[in-house]
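As given, the protein sequences belong to chains R and E, one line each in that order.
So the first sequence is numbered by the numbering used here: it starts at 1 and just counts up by one.
So the second sequence is numbered by the numbering used here: it starts at 725 and just counts up by one.
Each hint should be verified, as a subset may be incorrect.
[Claimed, not checked] Below are the DSS-like pairs computed for lysine-lysine, each with C-alpha atoms no more than 30 Å apart in a straight line:
#	chain 1	residue 1	chain 2	residue 2
1	E	K1252	E	K1230
2	E	K972	R	K116
3	R	K248	E	K840
4	E	K1188	E	K1252
5	R	K723	R	K430
6	E	K1230	E	K1247
Keep in mind the hints are simulated off the structure, nothing from the lab.
Since the structure is predicted, the reported quantities are computational estimates derived from the model, not experimental observations.
2 protein chains.
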Amino acid sequence: MIGESNGWSIKETSFDPGRLNHGETVFTIGNGYLGSRGVLEEGYPGEIRSTFLHGVFDDVPIVFTELANAPDWLELEIYLAGERFGLDCGQILAYERTLNLKDATLRREVRWRSPKGRTTRLVFERFASLADEHLAGVRVSLIPEDYEGTVELRAGLNVEADNLGLKHWEGIAQGLSRQNAWLNCQTRTTHIGLAAGFSLVVAAPEQVRYRRWDVRGHPTLSAISHANAGQAVTACKWVTYWTTRDCKNPLSLVRRRLNGLVRLDWESAHAAHCQAWQQEWERCDIVIEGDPEAQLAVRFNIFQLLTAAPRHDDRVNIGAKTLSGYGYRGHSFWDTEIFMLPFFIYTRPEIARNLLSYRYHGLQGARRKAVENGYRGAQYPWESAASGEEVTPTWVPHYADRTRQIRIWTGDIEIHISADISYAIWLYWKTSRDNAFLIERGAEVILETARFWASRVEKVPGLKRFEINDIIGPDEYHDHVADNFYTNAMARWNLRSAFTVIEWLKENAPQDWQRLRRRLGLKPSELKAWQEVIDQIFIAYNPRTKLIEQFRGYFQLKDVDLTSLEPRQESVQALFGIEETNQTQVLKQPDVLMLLYLLPDEFDYETLQVNYAYYTPRTDHTFGSSLGPSIQAIMAARMGDKTAAYEHFMRAARADLFDVRGNAGDGIHGASAGGLWQAVVFGFAGLKWTETGWQTRPCLPPGWTRVAFKIMHNGQTLSFEIKK
Amino acid sequence: MIGESNGWSIKETSFDPGRLNHGETVFTIGNGYLGSRGVLEEGYPGEIRSTFLHGVFDDVPIVFTELANAPDWLELEIYLAGERFGLDCGQILAYERTLNLKDATLRREVRWRSPKGRTTRLVFERFASLADEHLAGVRVSLIPEDYEGTVELRAGLNVEADNLGLKHWEGIAQGLSRQNAWLNCQTRTTHIGLAAGFSLVVAAPEQVRYRRWDVRGHPTLSAISHANAGQAVTACKWVTYWTTRDCKNPLSLVRRRLNGLVRLDWESAHAAHCQAWQQEWERCDIVIEGDPEAQLAVRFNIFQLLTAAPRHDDRVNIGAKTLSGYGYRGHSFWDTEIFMLPFFIYTRPEIARNLLSYRYHGLQGARRKAVENGYRGAQYPWESAASGEEVTPTWVPHYADRTRQIRIWTGDIEIHISADISYAIWLYWKTSRDNAFLIERGAEVILETARFWASRVEKVPGLKRFEINDIIGPDEYHDHVADNFYTNAMARWNLRSAFTVIEWLKENAPQDWQRLRRRLGLKPSELKAWQEVIDQIFIAYNPRTKLIEQFRGYFQLKDVDLTSLEPRQESVQALFGIEETNQTQVLKQPDVLMLLYLLPDEFDYETLQVNYAYYTPRTDHTFGSSLGPSIQAIMAARMGDKTAAYEHFMRAARADLFDVRGNAGDGIHGASAGGLWQAVVFGFAGLKWTETGWQTRPCLPPGWTRVAFKIMHNGQTLSFEIKK
């Protein structure tokens, strides 16, 4: 992947089958309603095709639920003088694929010589309209260079779409007319109805004959014409999707829509789409001068967040791999709240509100989870999907021995997410001043998670001390630990924030407060108990050394010199094994630094220095958590170490573009993308809210000459520009 | 399901959607190469379609491997004057479906009124040729009764065939000509190539126009014509399958075959098929007079064995559910050797030889399993599929709580199958006198399993006693038991038989013996150790009471009065739970009686009486093992209890026809089918080999006036007839 000098295009100039799946992830497009991997229209052996629609989950063994790959709108086969076009045969004479980030349009140009020696030039374009989330279009223009013959285009919609082999759809009905076809189906277990329809419009020098292939489950239109050498044939496939999540009768909306699609003009539909994207970029862009690679990577990562963000749906979240691949099956983690949400909160608060409302709607599931575990309040699931239910797999097949199972503990004991969600709500409220949201939705989450923490902590008999035992912190190299600093400090923060919210409600919305208090059955005695926890929860801060122990007993673990393991091409966990890694001080990500990042006012700068010095060399930055590098970049910037900051930053920036972790084929690293935005804004630009308002404390990497971006605060747009 | 008075037809006279899947199992047809469930050609919501080809396994989560549902040869859609024919719409005016067991032909007659009120009479016929295992045909003849209009038939082959949602096939290529279509594909993980092709031949009063729908993965032919009221249109779809298990290039064989199929005459192809079946029935039929239901049920069950039996392949076995459904995913158990094989050994020894050769080919896998567990010789897998590897699932999701897993122990510790396999080889050899098989294949299995047993037993320190601890016997209500009587006695038998085989080889094939001895590294010291095990293995026989304890400590378990639980509609295990059932004396099937059936000469008749009296009331006959009733019928017959014998017999006879266990939709109970044949021959007829040859000691159920059957012995066909 290389960038163009304009800073807006991801370009691939040769076709490498060995990087097929990586390319599919990188060239993903989406419009916040759907996301589609960058597969080739005509197909390719070994491809991983997927189009995911937000919220369309269906059941699956082992991981419980996953986004169901929808019948594919991109399917378009081409026959040239009777020969099937495909990059797996013939000869590629020229190839270029460009993702234009500015207008979210993917374009591929190919000069191809068929097995029989005929040369054709083809240009493919596609976009999923941001102006109309139920519209997507793919267009191909082709010119026979040195032959004349039939040109046939075949477009279909296949109900047998599968998720890596597993079918999720059962057909209900289908239909075809001259240039339209539609399909009505539903997911097998969750019974979400999906209707999809398309129009096929072919412009050719000679008459076009359309044929209908009414094969059950796969209605297909074939358009045949004839072209002489040098004559262009252009085909456009417009697709519309509706589901029972959007409306009562998706099929009727599809059929109504199909009435006009055949006359839809590509240029005007595309122009509306471009305009919508222009508005996004006006609010969300970051300009970096002096470092073209960083510029392009930052835009690419912002682009990923924007394509995956629900504009008109407050019952969905963004999965860890956005809508771009099968990794984590569309499940959402704290990745959204802690890594992605700051970007939305500061640039697109409307989207942040949708994402946080998803958590509000998940309160019932979180309450159930708390009750099932013997706690009170709301315990949010570590992984969640359609509802607020916990969907972390409990047992997965062993990677090497299929007769064995591995127990996944995160769904049981990685509990910090409940505080993380409250933290994001708090940040949204403080930034947007969306009091209505706090009153109607946010406060209840903050209070119920506080209640959870107060019931989750354990009082040490005879001591004025509360502990949290048997958990996993963000650093997943260590499980079943006690008093994880990140978790304890966030729990305390959550409880403190509950009081702040209560005070605010009492003052600003007393009637709402009374209603909420009654509904939650909050009594003074309970609040008193909360205060006790705040005062007595164990925080492993040593005021003398200022060093913080990540969890109880951490300092007694084996200290490993990570540099002695270099060069390595796998994680420390893969190298040592799960059990042995657990016995070392090596971290997947540094929990202490993470907490100091989120709650900078709770500890002084020297504490940050001491802990940065201690934990940085003990962290598996290269193959540990993909969430780590961007935050590490920020902390390095705060230390004034520009070189280290830039190194970590670029590791995050390249995660997907250069597949530095070898798993980009599974989908975009959404949290890393969100962290990258934070790294520029809060790291290099050093943006900080002070008593006198927003201030920057820049620490630009070498070479960067200018950084410019905007944030929204309290409904106002603020522009920042930093020049060196 | 009801029978016809001729004793050869399974007939269904009304269409009940609530029994759809049960009917699919009952109306399964097959030819020993493939088996296809009795689905409706045109499809029906909720159907479970499957066509399984022997040996075509592919990987799958949880259960490791399964027979891959092949692209469906039965797919045939009908459009009448533009309306789709289907039993899910319009009105069924008349309906009859008949499985003719004599010639293995399924026929369906329907009078159907369309939603728009047009009436059509349709007759469907299908067969999978026993004369040519690569040929199957489906034919429909239809007559518009009260309208004229277009008649359209659509026939396809769909590569997206799935196993309950999971796809196993990836397409390689496809093609269509005027009346032919073909598909080339392979399984996703095991890369077994499959080519399938079909010809569509439509005879109509007016011209027939064929259209080709070249939809990728689903090549389809549509034939359109026109008929007036009263005019018949007949369509025939001939299908051929070849795989890389049969030949090097399946596609070339399919294409060659397609050259002639369009001219193939239904009557003559069907006649060859009928003739092949006539030969089968001449050898395998059992005539029962005086009890039409028993007559039909016995033929139905023999039919199931014959349709699933590989004629030309000695590397496949018959799965527990034959080729008729997804139950146990095509895996083979001891069901084959102990329940089905006697039927083949005595009527179709050529097939028995194929099935036993499968076990010979699995020796390597069985040796590996023994080594992995720290033993010697050959430990056969509890479940096996394509190879001789163990494919019992180790962990399956909990039936009620999907976050939990249940450990399946049978693959680890249900070890009696190694002796069961040797037993079947021994029986085959003694009955067929196929010395070549013994020398080349059978002896090695018997010696290697004997070696396994000698290494598996545990010597009790200080005692002249060998034990077998921590196993599961055939009675799976009790796991992790010690000294299961069935297992210990079969192990002893296996070791003894090894000596008999060695003696026979020494005398009759001394060179082969020397070669085998050297290859296996058998030393006198090892044989001496075997003899020690034979002499000292614990057999829980009490010579005073003649009562045998099923396993150590069994008599101390809680005694439950099963009659007190009546009426019940589920198994005792489902009622009490796995753990609690383990603590009772209730049996899934009676291991002691089973052993006394297999090795009748080792204990006297009084022992049989005592143990029959003890174990019969403690067995869950109704919802325990489906393997139990047929053997219990035999034992009851030996006790002279005709009423009980008949009751157990009919429970087995009705297992699939009447779905008495509620799981017939998963597929045919193959072991029960084999047991039923044994119940007639060895139970009611009382056939027994004595010093003076074969003798019968009849104990016919009330009403039975005549029983006649044939067996083969030493290459001779012997006929038996018992009249009351």
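To see whether the hints hold, each was checked on the structure:
Between E/K1252 and E/K1230, the direct Cα distance comes to roughly 17 Å. Compliance with the 30 Å bound is thereby established for this hinted pair. At most 30 Å may separate the alpha-carbon atoms for a hinted pair to count; E/K972 and R/K116 meet this at roughly 28 Å. Between R/K248 and E/K840, the direct Cα distance comes to roughly 28 Å. Compliance with the 30 Å bound is thereby established for this hinted pair. With a CA separation close to 15 Å, the supplied pair E/K1188 and E/K1252 stays within the 30 Å bound.
Using a Cα cut-off of 30 Å, the hinted pair R/K723 and R/K430 holds, with the two alpha carbons roughly 28 Å apart. Between the alpha carbons of E/K1230 and E/K1247 the distance comes to roughly 15 Å, so the proposed pair stays at or under 30 Å and holds.
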